[in-house]
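As given, the protein sequences belong to chains A and B, one line each in that order.
Those letters in the first sequence? Residues 1 to 307, by the UniProt record's numbering.
Those letters in the second sequence? Residues 1 to 267, by the UniProt record's numbering.
To be clear, the hints were calculated from the coordinates, so they are not data collected in a lab.
It cannot be assumed that every hint is accurate.
[What the hints assert, rightly or not] Part of the chain A face toward chain B, derived, beta carbon under 10 Å:
| id | residue |
| --- | --- |
| 1 | Ala50 |
| 2 | Val54 |
| 3 | Ala112 |
| 4 | Phe128 |
| 5 | Ala174 |
| 6 | Ile192 |
| 7 | Thr219 |
| 8 | Lys223 |
| 9 | Leu226 |
| 10 | Leu286 |
For every residue, glycine included, the Cβ atom is placed at its ideal position computed from N, Cα and C.
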Amino acid sequence: MTVTEAPPAPPTALKVRKPSARKRLVPYWLLLPGILWLIVFFAVPLVYQASTSVQTGSLEKGFEVTWHFQTYWDALKDYYPQFIRSLLYAGSATILCLVLGYPLAYLIAFKAGRWRNLVLVLVIAPFFTSFLIRTLAWKTILADGGAVVDLLNTLHVLDVTSWLGWTESNRVLATPMAVVCGLTYNFLPFMILPLYTSLERIDGRLHEAAGDLYATPATTFRKVTLPLSMPGVVSGTLLTFIPASGDYVNAELLGSTDTKMVGSVIQSQFLRVLDYPTAAALSFILMAVVLFMVTFYIRRSGTEDLV
Amino acid sequence: MPALRWIRRNMIVIAGLLTLAYMIVPNIVVMVFSFNKPNGRFNYAWQRFSLDAWQDPCGVADLCSSLSLSFRIAIWATIGATVLGTMIAFALVRYRFRARGAINSLIFLPMAMPEVVMAASLLTLFLNMGAELGYWTVLIAHIMFCLSFVVTAVKARVMSMDPRLEEAARDLYAGPVQTFLRVTLPIAAPGIAAGALLAFALSFDDFIITNFNAGSTVTFPMFVWGSAQRGTPVQINVIGTAMFVIAVTVVLVGQLVANRRKNNAQP
Numbered sequence: 001m002t003v004t005e006a007p008p009a010p011p012t013a014l015k016v017r018k019p020s021a022r023k024r025l026v027p028y029w030l031l032l033p034g035i036l037w038l039i040v041f042f043a044v045p046l047v048y049q050a051s052t053s054v055q056t057g058s059l060e061k062g063f064e065v066t067w068h069f070q071t072y073w074d075a076l077k078d079y080y081p082q083f084i085r086s087l088l089y090a091g092s093a094t095i096l097c098l099v100l101g102y103p104l105a106y107l108i109a110f111k112a113g114r115w116r117n118l119v120l121v122l123v124i125a126p127f128f129t130s131f132l133i134r135t136l137a138w139k140t141i142l143a144d145g146g147a148v149v150d151l152l153n154t155l156h157v158l159d160v161t162s163w164l165g166w167t168e169s170n171r172v173l174a175t176p177m178a179v180v181c182g183l184t185y186n187f188l189p190f191m192i193l194p195l196y197t198s199l200e201r202i203d204g205r206l207h208e209a210a211g212d213l214y215a216t217p218a219t220t221f222r223k224v225t226l227p228l229s230m231p232g233v234v235s236g237t238l239l240t241f242i243p244a245s246g247d248y249v250n251a252e253l254l255g256s257t258d259t260k261m262v263g264s265v266i267q268s269q270f271l272r273v274l275d276y277p278t279a280a281a282l283s284f285i286l287m288a289v290v291l292f293m294v295t296f297y298i299r300r301s302g303t304e305d306l307v
Numbered sequence: 001m002p003a004l005r006w007i008r009r010n011m012i013v014i015a016g017l018l019t020l021a022y023m024i025v026p027n028i029v030v031m032v033f034s035f036n037k038p039n040g041r042f043n044y045a046w047q048r049f050s051l052d053a054w055q056d057p058c059g060v061a062d063l064c065s066s067l068s069l070s071f072r073i074a075i076w077a078t079i080g081a082t083v084l085g086t087m088i089a090f091a092l093v094r095y096r097f098r099a100r101g102a103i104n105s106l107i108f109l110p111m112a113m114p115e116v117v118m119a120a121s122l123l124t125l126f127l128n129m130g131a132e133l134g135y136w137t138v139l140i141a142h143i144m145f146c147l148s149f150v151v152t153a154v155k156a157r158v159m160s161m162d163p164r165l166e167e168a169a170r171d172l173y174a175g176p177v178q179t180f181l182r183v184t185l186p187i188a189a190p191g192i193a194a195g196a197l198l199a200f201a202l203s204f205d206d207f208i209i210t211n212f213n214a215g216s217t218v219t220f221p222m223f224v225w226g227s228a229q230r231g232t233p234v235q236i237n238v239i240g241t242a243m244f245v246i247a248v249t250v251v252l253v254g255q256l257v258a259n260r261r262k263n264n265a266q267p
């Protein structure tokens with residue numbers, strides 16, 4: 001979070017006047033509607049959710065706050081595999097996004113030349129085709145006996161991934177690999193755009209200077225480009241990891257019951273089983289874990305001015 | 001080996017283009033399969049070429065009504081979030097006041113939270129209030145989660161504005177309203193437009209929050225989700241293809257116009 005200071009006013013204050021009361025209220029009037037909206041529909045619901053998570057009862061008899069913290073323990077005991085899986089999948093997808101996204105962001109920032117705008121459009125345009133449609137397309141791409149699976153089979157890649165437990169025998173669909181592939185695909189733009197913004201700000205002369213000082217391209221990258229792009233790396237990984245950890249669309253469309261993520265559980269507890277306390281407890285644990293990891297990560301990486 | 005050397009020298013370009021291919025391939029698959037004539041309910045395997053779906057995109061029950069519902073919600077959510085978000089952004093950049101830190105956190109938090117958490121907590125609120133789930137609850141939710149993104153986009157632009165331009169306007173006897181309309185707003189416009197575009201795309205495409213708070217109302221993403229279980233009509237691919245083509249065209253034309261204007265400005 002930035003506390004951004006407006007550019008300093010020129011020191012030409014000839015007459016120091018105390019702003020009138022009406023003027024001093026202007027920022028509050030500007031903030032009021034939007035902040036009220038966020039308080040009523042974002043902050044208050046979180047409080048409601050906290051209270052729901054310590055309620056007991058049933059849909060017929062109604063729920064009551066009984067400070068039944070056991071729900072948290074039971075929820076964790078029953079669904080810790082889904083929790084761990086969510087964090088693992090989201091983490092893998094984030095690393096893959098970084099590895100795949102960095103070259104493309106670099107390409108757009110430094111090598112694309114007059115193609116830059118076209119490539120940028122191609123990165124953003126998928127946003128406008130519903131991501132559900134695009135995720136369904138992966139079902140076709142990864143289908144059993146399809147070209148991709150055949151190729152991976154011929155190259156014996158699937159033997160290795162099956163041994164690692166990422167795929168099952170000769171199929172990719174309905175395995176962890178398919179889910180991570182979908183997650184990576186869906187959140188790549190969220191990695192590429194911040195990376196691109198931070199890379200684009202780098203002065204090209206720094207690269208020349210590094211070259212003049214006999215740095216090899218690899219050294220230039222390690223000592224100049226990468227450190228300067230760190231803000232992009234941090235915000236990109238956050239924008240990828242956070243939504244990926246709660247996503248259940250990829251796990252449901254491309255996975256199987258063995259690849260369910262915690263989002264699926266929350267969704268079905270809330271909308272199908274109608275066990276509100278368990279669902280609320282689960283989503284509270286997810287929120288706490290994610291916020292804790294994010295805070296820790298931001299502290300570690302030392303870039304607190306992100307947004 | 002010259003070929004190997006060429007590959008080594010252009011490694012970044014090759015890797016970048018491979019990623020680009022990874023991002024575009026699903027769009028191409030969607031496009032190709034919009035010309036398919038599937039055997040049965042699912043459009044996952046290629047059968048034979050046909051223009052049927054293109055001739056009759058609304059031929060599936062509820063598809064076009066869900067599409068128009070998504071459009072209406074996205075437009076109102078965009079207007080709501082853009083107005084509220086722009087006001088917040090101006091207040092945050094232009095004024096010093098107490099509680100700025102708290103307000104910055106309140107705006108940051110919705111972006112730092114998994115969607116499913118927001119969706120579930122909003123649902124508990126609506127259930128507790130006894131609100132009827134449907135159009136209004138979805139619209140409220142969409143304005144809520146688009147707001148932070150608009151604030152971020154507008155803030156970036158307003159921060160880079162030179163306040164002396166407004167001072168100059170005032171020196172030239174422009175009133176506060178006139179200054180705002182003729183100087184401030186035009187300069188902030190690209191940031192506001194970017195925020196609005198982002199809000200529209202986010203709202204139109206949102207599934208998780210909508211799925212929790214829509215009740216029996218069906219938006220387009222929810223229609224696609226349901227069809228994944230019941231059988232996907234080819235028309236979905238037609239809509240997906242059309243949206244992709246329209247988006248690319250609009251953005252490219254916008255770029256061309258902007259370029260021409262820039263060229264005209266500096267002869």
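Tested hints:
| no. | hint | verdict |
| --- | --- | --- |
| 1 | Ala50 | holds, 9 Å |
| 2 | Val54 | violated, 12 Å |
| 3 | Ala112 | holds, 9 Å |
| 4 | Phe128 | holds, 3 Å |
| 5 | Ala174 | violated, 13 Å |
| 6 | Ile192 | holds, 8 Å |
| 7 | Thr219 | violated, 15 Å |
| 8 | Lys223 | violated, 17 Å |
| 9 | Leu226 | violated, 13 Å |
| 10 | Leu286 | holds, 6 Å |
Checked against the numbered hints above, the structure breaks hints 2, 5, 7, 8 and 9 and satisfies the rest.
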